[in-house]
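Asks: Sequence:
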Amino acid sequence: MRKVFALMIGLLCLYGNAQNLTSRVKKAPSGLSYHSPNVFTVGTQIAALLPTVSGGAVSQYTISPSLPSGLHFNSYSGKITGTPTAARAITTYNVTASNYVGSTTAAVVITVNSSVQAPLTLSYPSPNVYTTGTAISTLSPTTTGGAPTSYSVSPSLPGGLSISSSTGKITGTPTAASSLATYTVTASNSAGSKTFGVVITVNSSVLAPLTLSYPSPNIYTTGSAIATLSPTTTGGAPTSYSVSPSLPGGLSISSSTGKITGTPTAASSLATYTVTASNSAGSKTFGVVITVNSSVQAPLTLSYSSPNVYTTGSAIATLSPTTTGGAPTSYSVSPSLPGGLSISSSTGKITGTPTAASSLATYTVTASNSAGSKSFGVVITVNAASGGSGTGTGSGPTATVNYTVSTAAFPNPERGFYHHTETHSNSYSALNQSTLTSYRTNSNITLVLRLFYLENFVNGSISSTYLTNMQSDFARIRAAGLKCIVRFAYADNSDSGVAHDANKATILSHIAQLTPILQANADIIALVQAGFIGSWGEWYYTDNFGMNPTQADYTNRKAVLDALLAVLPNRMTQLRTPALKQHTYNTNSPLSLTQAYTSASIARIGHHNDCFLASSDDYGTYVNTSTEYPYLEQETKYVPMGGETCALNAPRSQCASAISEMSKFHWSFMNMDYNENVIAGFQSDNCFTDMQNRLGYRFELVNGTFPTSATGGSAIPITIQMKNSGFATPFNERTPYIIFRNAVTNAEYKAELNSNPRFWNAGTTTTISDNVQLPTGMVAGSYKLFLVLPDADAGLSTRPEYSIRLANNNTWESTTGYNNLLHTITISNGSAKITASGKPEASMVLYPVPANNSVSVEMENIASYKVTIINSLGQTLPVNVDPESDNKIVIDTQNLSSGVYFVTFDRGDKKETKRIIVSH
0 MRKVFALMIG LLCLYGNAQN LTSRVKKAPS GLSYHSPNVF TVGTQIAALL PTVSGGAVSQ
60 YTISPSLPSG LHFNSYSGKI TGTPTAARAI TTYNVTASNY VGSTTAAVVI TVNSSVQAPL
120 TLSYPSPNVY TTGTAISTLS PTTTGGAPTS YSVSPSLPGG LSISSSTGKI TGTPTAASSL
180 ATYTVTASNS AGSKTFGVVI TVNSSVLAPL TLSYPSPNIY TTGSAIATLS PTTTGGAPTS
240 YSVSPSLPGG LSISSSTGKI TGTPTAASSL ATYTVTASNS AGSKTFGVVI TVNSSVQAPL
300 TLSYSSPNVY TTGSAIATLS PTTTGGAPTS YSVSPSLPGG LSISSSTGKI TGTPTAASSL
360 ATYTVTASNS AGSKSFGVVI TVNAASGGSG TGTGSGPTAT VNYTVSTAAF PNPERGFYHH
420 TETHSNSYSA LNQSTLTSYR TNSNITLVLR LFYLENFVNG SISSTYLTNM QSDFARIRAA
480 GLKCIVRFAY ADNSDSGVAH DANKATILSH IAQLTPILQA NADIIALVQA GFIGSWGEWY
540 YTDNFGMNPT QADYTNRKAV LDALLAVLPN RMTQLRTPAL KQHTYNTNSP LSLTQAYTSA
600 SIARIGHHND CFLASSDDYG TYVNTSTEYP YLEQETKYVP MGGETCALNA PRSQCASAIS
660 EMSKFHWSFM NMDYNENVIA GFQSDNCFTD MQNRLGYRFE LVNGTFPTSA TGGSAIPITI
720 QMKNSGFATP FNERTPYIIF RNAVTNAEYK AELNSNPRFW NAGTTTTISD NVQLPTGMVA
780 GSYKLFLVLP DADAGLSTRP EYSIRLANNN TWESTTGYNN LLHTITISNG SAKITASGKP
840 EASMVLYPVP ANNSVSVEME NIASYKVTII NSLGQTLPVN VDPESDNKIV IDTQNLSSGV
900 YFVTFDRGDK KETKRIIVSH
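Counting in numbering that gives the first Met the number 0, the sequence shown runs from 0 upward without gaps.
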């Protein structure tokens, strides 16, 4: 019974287990996981990685990819065991546990590191500076991480140094100099490597020359031994000297001492000779400027009595030349003198008896010697003797007018005291119209300096707004009847951290941008100072052009100045110091008379001293006054000089010195606003008015000799004595004209006077003699004579505020800008062509002068002309014309304001412009 019962119990248990087994196999495994991540080491047994799983029983485990070598995976239990035999980078291994119902997957992250660690860091002492011939202190590496087993370096170390491939130590004694370089050391072991750049410089045990200089510039004479030029050096002693190009003939340089000695054998123009001082460690160069003049001096000046009027058949008084400088050895003339006259090739004397009449002509005499030559134009007219076939001057007896001098202060263009004005790009400060006008009317000032700061444009283009504001300023200056001195700059201080100028490319692009506006306003620009470079545009405190300029720096400076000169070919510029012009254009010779007022750059560059009288050298304006004073005195006869004071420096900054130097250096203008204390001293010491009158030119009529009568169409002799009591002459072109005004109709005719006011020299009296051709179309009658010196620009030539006023009593006509010569000439109708109506051809009569409500115009067929009226600003105004007949019109002027206007008469084939004055 017990056995049966036990059997039954056993069967029941067996049945129950089967039921449980069946229920488990019906579930898939789930929630598989391993310890992860894992980092193992080659050769070290790992702790077994066992899976954790839930859900149904796992029948099989799989893994992908294969484990690192040395590790094993049990597909029945999922266990990972073993000892890694090779390193492997971090990798993810996917383990899958499955049965026939499903599967679950887990990621196991394993890294196997080498048993040897790579170096983690490497360093050496660096940088290092060594000297040839001296053993270095050992450079030992410092590392962290795995110990390096080898070292290498690239590129090769300097000669004499080596690296230990096992320890990495750098040792040795440098055998040759080498410039700074980086040498890359690599420290390695089986697990990896690390690099470090060791910086090494090897200097020569011999120091290179640091500086080299000679006395310079130097001017020598052929045949005279020179004082030895000895070099001055710092740094290492030179072992040899050389020069390029070769020195002038007769001079030589010692290759061992660098001394330049000898006696020049031939003249040579100014040139720079580059001396190089060298030793085994390096070299240094210096440019020695040398000029060799001939021992025979060229003629400096040549003159004859001129003009001359002769008569056929009458022997002339000998014309003898006057020369200064070297004595001429020969004379020549071109073209050939009038028949019967000859020149001595040895003495230059012109003698003879004219055999044929010849009209006025200029004969250029050249006086020469081996050192050079000088020329002078002799004006000769030969008239036929009475009864001959020539034509005379057609003038009657003469009368001489003596003039009285005025001491009054009055405005004149392009000279005198000026007001300083400036504006900045970050906040444009426009000029004020009423203030500008008051300068001329209340203070006798006709000049302003306009300084345009471009600080916002150092790295870019000038804005269109800034350019528009500039144009508005120029228009206001013109409306006020003033002119301006223009300068551009990028900084108004010398502080560090400030851009003091732009680079050359930017400056040249800015000049290109400014070209249209400068050219459009050239009429009211007296000159443009060099500017652009350095603080205040004074060519010092510069970021881009060399504080101690090299030849390359001067080349760059010249490129800027040449570009500026090209913009306004009829205007001059100014540099801040004499030395700047000498170095930039490589010349120490001042302008000569023959160079004056030519298109050459050196003839168009003047000077401005902006620390006048402030110290013995005017705060660095001069380097050597013994050579620069004579240079500047000659230069400024032909180029503009001006500037400002900057500090009290009694007694030098007081009146006596100021007047003396203004006269010596031909000052044309000075800043009224700075330095206030110095200007106040001029006023309190009673020389201010003298300066006000004498800055620039001050022309005074002394006397004039004129015919009392003449025949129409003839040439009349006019002689005027003109004194210049100013410090200088006009620096811009200006042509004088004689105006003939009909005493009845006020009709005016103009004839050019053959004389150049730029040669009416300061402190002298000039004789102006010319045979003036009477204009065509003059009707018979009495004519008042005037002298006018208008502006050369057509748009300003008829504005009286731009004409030169002479310093005489009772001569200035303010409504026209004419100077009354206080003489009347009677013209008889001679060669003027008469039309069918009996009127002279093209003669035009306008009356009354001045006009009130209308002006009448009479001329042959005047009604067929188109009439245009233009005001003094160049604006065309509406015009109402009433033709009374073919030969007379009446122009309505009642709606015109009082002032000067220009009337143009245009018929297509003929065009004429007349000036009218309206006064209500």
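In short, the hints are calculated from the structure, not lab data. The model shown is predicted, which means the values in this text are computed figures rather than measured ones. A virtual CB, placed ideally from N, CA and C, is assigned to each residue, including glycine. Do not rely on the hints blindly, as some may be mistaken.
[Stated by the list, open to error] If you anchor each label on the Cβ, the simulated ranges turn out as follows:
1. Ser-493 - Thr-273: 28 to 34 angstroms
2. Ser-255 - Glu-632: 39 to 45 angstroms
3. Ser-625 - Thr-300: 20 to 26 angstroms
4. Leu-119 - Ser-255: 57 to 63 angstroms
Asks: Hint by hint, say whether it matches the structure.
Replies: How the hints compare with the structure:
1. Ser-493 - Thr-273: 28 to 34 angstroms: holds (31 angstroms)
2. Ser-255 - Glu-632: 39 to 45 angstroms: holds (42 angstroms)
3. Ser-625 - Thr-300: 20 to 26 angstroms: holds (24 angstroms)
4. Leu-119 - Ser-255: 57 to 63 angstroms: Since the Cβ atoms of Leu-119 and Ser-255 sit about 59 angstroms apart, the hinted range of 57 to 63 angstroms holds.
When held up to the earlier numbered hints, the structure conflicts with none and fits them all.
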